[in-house]
Amino acid sequence: MTIHTKTLKQLSQGLQTGEYSSQELTQAYLNRIQQHSTLNSFITVTETQAIAAAKQADALLAAGNAPLLTGIPMAHKDIFCTQGIKTSCGSKMLDNFIAPYNATVVDKFNTAGMISLGKLNMDEFAMGSSNETSFYGSALNPWADSTVPGGSSGGSAAAVAARLIPAATGTDTGGSIRQPAAFCGITGLKPTYGRVSRYGMIAYASSLDQGGPMAQTAEDAALMLQAMAGFDAKDSTSAQQDVPDYSANLNDSLKGLKIGLPKEFFDEGLNSEMATTIETAINEYKKMGAEIVEVSMPHLKLAIPAYYVIAPAECSANLQRMDGVRFGHRCTDPEDLNDLYIRSRGEGFGTEVKRRILVGTYALSAGYYDAYYIKAQKIRRLISEDFAKALETVDVIMGPVTPTPAFGIGEKTADPIEMYLADIYTIAINLAGLPAMSVPAGFIDNKPVGLQIIGNYFAEAKLLNVAHQYQQVTNWHQQTPKGFE
Amino acid sequence: MSLTTDDVNKIAYLARLGINTEDTESYTADLSNMLNLVAQMSSVDTDNVAPMAHPLDTIQRLRPDQVTESNQRDNFQAIAPQVEEGLYLVPKVLD
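Chain order of the listed sequences is A and B.
Following our numbering, the residues of the first sequence are numbered contiguously, the last one being 485.
Following our numbering, the residues of the second sequence are numbered contiguously, the last one being 1095.
Only chain A is shown next, with the shape it has when bound in the complex (with noise of 0.2 Å):
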């Protein structure tokens, strides 16, 4: 068995018992990293930094009282701070900024050990489905490099599909984390809003955003989320509540389990040979002896639409900070101050995040403040109220992640809205600030499907049960890309 096709838990066993170094391992993995660069998959990789840490790591495994993940090789997302490397968050507005501190998470990570071997590429400042928005261009899906690997967490979901890595971090403020994990075939989790630490996570939406893992397997997602969920206090919005064992549970029995369906998930916006791989995963777990109920989301169709008021007012104000003055990109000459913070700004971002700037801005503006935004609110605990509804009755609740599977690179972005439009089925969660997951379930056309898994506030321990129990009977989850073997 070659080491990076491996398991966390697998790596980890290999490490605590010698049969390899943590050295020997991240340069095997940086070797991947190099050979496979043309997925673009990485903005920065931190060779010089993953070896020395590696060193320590073999050093803390020899005195013999190492953490469980101490010396397994990872990656961020752009979007986290990391002092003393580049922090671009995909775009040019950022892309001569040196992070001056770590993100908690950052910090969780090398607290367990980890070794980071660099930062991952993303949609711009998290706004895009497709990784096409990156101003380093996009990473590509090692499925089917004619097809995007999804985002705004491509290149994380890149990464560690074609095994470049074993785990990374993403982010998901409508579905960032699972749309490029399904579309990529690994283990995606969006815990609940809160859960992780926000703090050096640079903020698109910040009544939405959330950090979470994206690994292999469900049983590599609890580690992960083990390392990085809890409360910081650097996190006005961070949640006051203890974390589970989030390994405990994973064996238990789903006998009985009540797995709602949302009608609204399967009507006629969702592709036919999708809807036939859902439910032949669905059919997986009533063979564990789940029971399956119909539920519904009446107001599932305007969550799209809030949305798009929601995230764009809060971009537009979270964007102001990079005005030219403090950090990152700086025209030239500027004629006053007014000249500097437009062309500065003008030059730093892409498109599709002045697209929403402009959107926020507008919405937030004197007279359509409560039109838009307070409308926008209402509308989210009307959705949020749908799955407290549905949540009364059932345990968790699957869907698809997405209604179709990767789409070509180019295909959408002609049209911002209707790329918009595919993220149908995973934005009502961040509104709802619910735990969802994407698991493997199979592929159309040689593309990978995922299942979404949506569990009640802070019921992550039971979404990795549900999703590595459909691992222990199905081997979606261990399919390698062609060329990646």
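Calculated from the structure, these hints are not laboratory results.
This list has only true hints and no planted wrong ones.
Just the calculated beta-carbon pair ranges, DEER-fashion:
{"#": "1", "chain 1": "B", "residue 1": "Gly1086", "chain 2": "A", "residue 2": "Gln83", "range": "19 to 25 Å"}
{"#": "2", "chain 1": "A", "residue 1": "Phe231", "chain 2": "B", "residue 2": "Gln1082", "range": "34 to 40 Å"}
{"#": "3", "chain 1": "A", "residue 1": "Arg321", "chain 2": "B", "residue 2": "Ser1002", "range": "30 to 36 Å"}
{"#": "4", "chain 1": "B", "residue 1": "Pro1091", "chain 2": "A", "residue 2": "Asn96", "range": "16 to 22 Å"}
{"#": "5", "chain 1": "A", "residue 1": "Asp245", "chain 2": "B", "residue 2": "Asp1007", "range": "50 to 56 Å"}
{"#": "6", "chain 1": "B", "residue 1": "Asn1036", "chain 2": "A", "residue 2": "Glu24", "range": "54 to 60 Å"}
Every residue, glycine too, gets a C-beta built ideally from N, C-alpha and C.
Once you have looked at the hints, place chain B on chain A.
Just chain B now, kept in the frame of chain A:
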């Protein structure tokens, strides 16, 4: 909902966001389309619904009013485009 190029230029100025003149038309079309998408919200009556600002409806956490941050001015200014004697430099605002 249809915006004009004048509207877009006004919004862009409010956001202090430079847009190339040749792109104004396409931004105007894209923004109009986005606002049409958003207009679907009016299909549902929300008169008696309270706005939801936070998924868990929690309130802002407060902490004791104590200084906890250390001064990192030099560290933060090391990445600034232009500083002098600990100050951020911008073009002259007052003559």
